[in-house]
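**Q** Listed below, chain by chain, are the residues.
4 protein chains.
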Amino acid sequence: MDLGITPRVRPLIEQVRQMVQTDIRPLSDEFLSLVGSTGNRFEYSERQTEILESLKALAKSRNLWNFWLTDSEKGYGLSTVEYAYLAEEMGKVHLAAEVFNCAAPDTGNMEVFERYGTPEMKERWLKPLLDGQIRSAYAMTEPDVASSDATNMSMTCVRDGEDYVLNGEKWWISGAGDPRCAVYIVMVSTPSDDRPKHSQHSMVVVPADAPGIEILRAMEVYGHDDAPHGHMHMRFTNVRIPADSLLLGEGRGFEISQGRLGPGRIHHCMRAIGQAEAALELMCRRSTQREAFGKPLAQLGANFDIIAEARMKIEQARLLCLKAAWMMDQGDRRAAAPWISQIKVVAPRVALEVIDEAVQMHGAAGISQDTPLATAWTHVRTLRLADGPDAVHRRQVARAELKPYTNQAT
Amino acid sequence: MDLGITPRVRPLIEQVRQMVQTDIRPLSDEFLSLVGSTGNRFEYSERQTEILESLKALAKSRNLWNFWLTDSEKGYGLSTVEYAYLAEEMGKVHLAAEVFNCAAPDTGNMEVFERYGTPEMKERWLKPLLDGQIRSAYAMTEPDVASSDATNMSMTCVRDGEDYVLNGEKWWISGAGDPRCAVYIVMVSTPSDDRPKHSQHSMVVVPADAPGIEILRAMEVYGHDDAPHGHMHMRFTNVRIPADSLLLGEGRGFEISQGRLGPGRIHHCMRAIGQAEAALELMCRRSTQREAFGKPLAQLGANFDIIAEARMKIEQARLLCLKAAWMMDQGDRRAAAPWISQIKVVAPRVALEVIDEAVQMHGAAGISQDTPLATAWTHVRTLRLADGPDAVHRRQVARAELKPYTNQAT
Amino acid sequence: MDLGITPRVRPLIEQVRQMVQTDIRPLSDEFLSLVGSTGNRFEYSERQTEILESLKALAKSRNLWNFWLTDSEKGYGLSTVEYAYLAEEMGKVHLAAEVFNCAAPDTGNMEVFERYGTPEMKERWLKPLLDGQIRSAYAMTEPDVASSDATNMSMTCVRDGEDYVLNGEKWWISGAGDPRCAVYIVMVSTPSDDRPKHSQHSMVVVPADAPGIEILRAMEVYGHDDAPHGHMHMRFTNVRIPADSLLLGEGRGFEISQGRLGPGRIHHCMRAIGQAEAALELMCRRSTQREAFGKPLAQLGANFDIIAEARMKIEQARLLCLKAAWMMDQGDRRAAAPWISQIKVVAPRVALEVIDEAVQMHGAAGISQDTPLATAWTHVRTLRLADGPDAVHRRQVARAELKPYTNQAT
Amino acid sequence: MDLGITPRVRPLIEQVRQMVQTDIRPLSDEFLSLVGSTGNRFEYSERQTEILESLKALAKSRNLWNFWLTDSEKGYGLSTVEYAYLAEEMGKVHLAAEVFNCAAPDTGNMEVFERYGTPEMKERWLKPLLDGQIRSAYAMTEPDVASSDATNMSMTCVRDGEDYVLNGEKWWISGAGDPRCAVYIVMVSTPSDDRPKHSQHSMVVVPADAPGIEILRAMEVYGHDDAPHGHMHMRFTNVRIPADSLLLGEGRGFEISQGRLGPGRIHHCMRAIGQAEAALELMCRRSTQREAFGKPLAQLGANFDIIAEARMKIEQARLLCLKAAWMMDQGDRRAAAPWISQIKVVAPRVALEVIDEAVQMHGAAGISQDTPLATAWTHVRTLRLADGPDAVHRRQVARAELKPYTNQAT
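If you're matching them up, the sequences are chains A, B, C and D in order.
The numbers in our numbering rise by one with no breaks, and the one at position 374 of the first sequence is 374.
The numbers in our numbering rise by one with no breaks, and the one at position 100 of the second sequence is 100.
The numbers in our numbering rise by one with no breaks, and the one at position 361 of the third sequence is 361.
The numbers in our numbering rise by one with no breaks, and the one at position 41 of the fourth sequence is 41.
No lab work stands behind these hints, which were simulated from the structure alone.
Incorrect hints may appear among the rest.
As the list makes no split between identical chains, a pair holds if one copy fits it or if it spans any two.
[Said to hold, decoys possible] Derived DSBU-like pairs: lysine-lysine, alpha-carbon spacing no greater than 35 Å straight-line:
#	residue 1	residue 2
1	122	403
2	403	295
3	197	60
4	295	197
5	127	295
6	56	197
7	60	295
8	60	122
9	127	56
10	295	122
11	56	122
12	56	295
13	127	60
14	197	403
15	403	127
16	122	197
Could you put the whole structure together from the sequences, leaning on the hints where they help?
**A** Here it is as structure tokens:
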């Protein structure tokens, strides 16, 4: 169970870290400062486009691109463990994941296209996604049902001749606010008495410019709209898509989403670890540079303990993520599932705790725009809900734990 | 030690509660939705002014005004315990405290004017403040020093003939963004070798339109500017004020601020309890109305425990606040001080925990603009830093605790 | 809602505190050191009897006796709030509650006899109990069922002519190891199809010397048998009692136990607060007297924070207990019930946390026989299980909280 | 960084696990039930000796012996990571570590003899220790000083001709109560102005039967004396040892103890993980077998969450221990030190939390002698103090963390 940095990935980590800290960080800050400068927060100014494209070009030129394609000939063929170390570095700065074409939800969507897409889909959507020319979204959550129980999904998808017709609302569609977002993968309800409860849903591919799609509003995360990316609330009214837009077959929606979400959750978690690590670094800098009562903060009260606890939590959470990644690499998704549930609970929690302590160590600066901490906190807070709330994942962990003891009790 | 609702205050609580929930809540939401509608987030639209002034007029007409004037002939003569119950109700909706002319920082500033102001100040500032015609700010925190150690305050205030001349920066000046803010009370450094360390600072009164004052920017709280109120970053350049603007005498700044902050902290804490109570109510509603896995959320997993823990925490925190208020009412500020430090740590912490659980119970809606929870969380989070960070207050509590055992160890 | 120390109870508190600390503490330690000195840990040596009886005589002579008889002509007529303050003092030293004839389970049992007993029972059991001549036990918990769900109680009680005949096992019968224990109040199953689920049990009075009763063993609490008091595991084999030994009527067992347990839980909780307060005092003494790295422990690392948190927790828990006591005093047991459930969770938890921190502050001495801390911890730990585990009480609190929102959801 | 089970150690783990669960567990329980059966708790009955020796003989016959000798020709040459997995299994049952001759403090003492002992010491002490014929103790902690600051150690060791003469007290000398304990390794003060603060102490070897050594009493752990092993309080009065009993040279005591404690802490921590794992297993069994309110406990309230959290904590703590072991295997003790400090804090804490939840799940049985949980809890609780209290280890972690940022701040 090698959870370490392999010789193969070591130089990549160095290159990514260096590019994230040196090249991306300052431009990422500038990019964010320009949000809304055109009068529309979901529009790119010329300078924003320039920043993003120049960084992507630089990454491509250094062959630092599409790392997430684990066991694939198209990418580096990295293992999930190896990729995890890269994801951690990319989590430290806002734009970084996109610069290396490793951002959610595109990575998951690309995997879906690669695995289940028709040749036409691969040509029309996968290719430009792999090239970083378009972006995509993944539409799962709905406003009127408890999405923690995915069988509640209710957007209708009804066969009409050679088409399917979609009706309903989705919200928290991350990235759908981006003008470059060209395609959605959408979970829909396709009920049939012939199939069991977990086979009543399907997944369809919908062009973003299909008639009948409205963006109602941007959902806010603790008051912030995350523009120009956005988490959009959308309405689908008689949206018509050709029948071959339905992936894999009716009723197989969860099969696809399960496969899709595993790696995505590991990426999210490792990026969260990256944010925790960045927060700890800021906390250490602050505590050694700022003085009160005649001493550096580090030497006051419980601050040594706070710093030590942060280090211990991060190390444990990282090792757990690496073990989950390693389980994923063993090829048995069923066996890996409870491990992914574990990190889905642990990594955001640890990151939130560490970031919150870093906020407190910074005083009023910590909650302000003068450090990345406040933004990091609200971002990571979403992870306790996205892709299943903590309670659902804990339930999965407990069920796996109890299985050897009884089949009835779970 | 009567911590209960007295017959005198009971009908007031009912009236305030009813007005907060029925009259203020919907208009408060409308008011917030209009922020920025004029193109300037720190400007009031006509409708915003209309909302605020009509509500204030209604409160005045019902004689629900200036409750905070405890032991004063001008107000109700409520005890701090009695006022605490009203503050809790006012904490539940954004605009409420201002509607009853009970909002920070005005209440504290009015107390300062009442107690230490010259007749001219009372006429020029106190009167319109008591009438709700102007607003005020309190300028303490500075960007370049650890304000947790108040002796660090460095804004200079130098005598020059009949004037004092101020230079320096202040930030997190709450309310200074409001166009109605007419006056600042400002902590300044007036060093003198003749006085001990805690007597090197003074407090001065500065008209908001004094030449040399610049508002540099609005500080953001987890990405939100709290407009039109705002927490401003300001620069004072050669700001000249007449010598009688200095309150009470040189070197007596902390004497004033200590007297000022005690009641204010109780108000803050009881409003935080109000927000916790409001969050628990939302949590209960959500958990009984929303279903997942075929059951109301309340009946799933740990949700009973989460609700019970929230109730137990709130009750304890409220009782502690009431006891601190009762200590304040006994008239010995020195004896009350460690109690106020206790609630300053406890009340925000409890409110944050309860609100966060309410967020989680609401799923993605909880972090969004669709409930008041996310805003409440970020607002209460500031209280762990404002008026002294947790660590400083814990230190005060510990020092008081250890005093009987030794004088050296503290 | 007066939660304070009344003029009436103030001198009693002083007298009790003084007697506990000065008279009882040293003799209590001697008493405990003599356990087992006769070769039988559940036997009293002459000196043990002398210690106990002389202290009881002293208490009686000072009229510090039977305080627990709230609203009764026989006692002081103290309110529950007033008694709570006394219970706190009595919680600080091992023998204290018994010295004042205020120890569990006698107080609860005496209340049962007073309220539901026949004249014969009052003469035979209540009178000597009130005089401190005998002791009693309360037999509820059974080894083979989950006693957290009290409807599981399974000891049979079958009518046979003029008698009832009991069969079954009880364990954790506190005080049943004491040779002075003369009578048991026992929960038994008396099923009847005519009565609902919560009316299938009854309560009977059983002389300790009734044939057929065996003491199987002493249950240990973290390795300690709590001799000579003991928590005994007992077997009842064809134990025959006259029919009028059944209190109040068949099926009314829970009615009695509910009434009995409310005040008892408050007493337990306030004694736990007393133990927390005693632990905090030890922690403060240690932290100011012991040095490491050239400083008193108090000034090292997080110790100020640990002390402050202990103080804040204790104050909150005490106020909550006092409020629950006040609710009890209002006379509506149904309304008071969720408050008692709250303190049943909170008070032991807080006491355990404070004691554990005190242990840690004492280093290896803390876990040893050289301080009362280790014993206090194991004793308080039982309270998280006795009279209902935490989870059951949290459930009660949540049900009460949710009631206004729905009747179905609970 | 291979943290997994190697092919080499896999069969050993299976053999050890099987022997622990099948052979040792029942006899370990019998052994403990016989403590005190001779009338002296620190004496072995014939049956106790038989049990222990027969199990040791069995282990030896299977070549399951002295695993702890990592990188040594005498043992298996296991890496610390490999050994860690074995330690976890041995932690699950009381006698197990000794059965495989892997018990503290012998393993540490044997390493000291191996590394620093004279040929005579190796013959006289190391050989019979390796054979399991005698046992040993390690005398560090003293009653009158804060041993968390090891420079406080005050037992005197004065040169007198060809001898050293020792005077002072030691307590918590684990294993010194065992009649088979033949030798002590003792930390003594040998002050010299020529040496720095951390070079004022030395380590000496003292035969247990040297004149002048008194065992004053057995220290109790939460009321338990841990007989026949014991944690003894001892007095040394003019104990005379030959000069060559001083290891390595005057002033080098800490050098030896640091080297000694690293592996020992890893062993302790992995055994604690084993106890946590055993507790979780009991919790799962109980929660699926016991019913209340008509359902298995597992399905009630927060129990799924409790089980899931236990699993997540254990996995993280184990991975951290394994990483610390791996760091140790890299050969740089200085680099490994903060990792060992991390697990020293984390592993006992996690084990205590999991065991406490298991206790609660078992109801009153959990705190009693009917499960191993209560004993396990008190045993693991000592680990938060032994070999340095949590606070000291957190301090080490923080110092290591802050080093890159400044040299002054630590």
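**Q** Using 35 Å as the alpha carbon limit, work out where residue 56 and residue 197 are close: within a copy, between copies, both or neither.
**A** This pair counts as neither: shortest intra-copy Cα distance 43 Å, inter-copy 56 Å.
**Q** Could you figure out if residue 60 and residue 122 sit no more than 35 Å apart (CA to CA) within one copy, between two copies, both or neither?
**A** Result: close within a single copy only, 21 Å intra versus 64 Å inter.
**Q** At most 35 Å between C-alpha atoms: does residue 295 with residue 122 qualify within a copy, between copies, both, or neither?
**A** neither (61 Å within a copy, 41 Å between copies)
**Q** Between copies, within a copy, both or neither: which fits residue 127 and residue 56 at Cα up to 35 Å?
**A** Close inside one copy (16 Å), not across copies (61 Å); limit 35 Å.
**Q** Pop the pair residue 122 and residue 403 into one bin, within, between, both or neither, using alpha-carbon distances up to 35 Å.
**A** neither (40 Å within a copy, 51 Å between copies)
**Q** Quick one: residue 56 to residue 295, C-alpha cut-off 35 Å, is that within a copy, between copies, both, or neither?
**A** Neither way: residue 56 and residue 295 sit 44 Å apart in one copy and 48 Å across, limit 35 Å.
**Q** Tell me, please, which holds for residue 403 and residue 295 at an alpha-carbon limit of 35 Å: within, between, both or neither?
**A** between (54 Å within a copy, 17 Å between copies)
**Q** Could you figure out if residue 197 and residue 60 sit no more than 35 Å apart (CA to CA) within one copy, between two copies, both or neither?
**A** neither (44 Å within a copy, 57 Å between copies)
**Q** Within, between, both or neither: how does the pair residue 127, residue 60 come out at a Cα-Cα threshold of 35 Å?
**A** within (15 Å within a copy, 65 Å between copies)
**Q** When no copy is named, should residue 403 and residue 127 be tagged within, between, both, or neither for a Cα gap of at most 35 Å?
**A** Neither, since 43 Å and 47 Å both go past 35 Å.
**Q** Please sort residue 122 with residue 197 into within, between, both or neither, judging by C-alpha distance up to 35 Å.
**A** Result: close within a single copy only, 30 Å intra versus 65 Å inter.
**Q** Have a look at residue 56 and residue 122 and pick one of within, between, both or neither, based on CA distance no larger than 35 Å.
**A** within (22 Å within a copy, 62 Å between copies)
The structure fails to meet hints 1, 3, 5, 6, 7, 10, 12, 15 from the earlier list, while all remaining hints are met.
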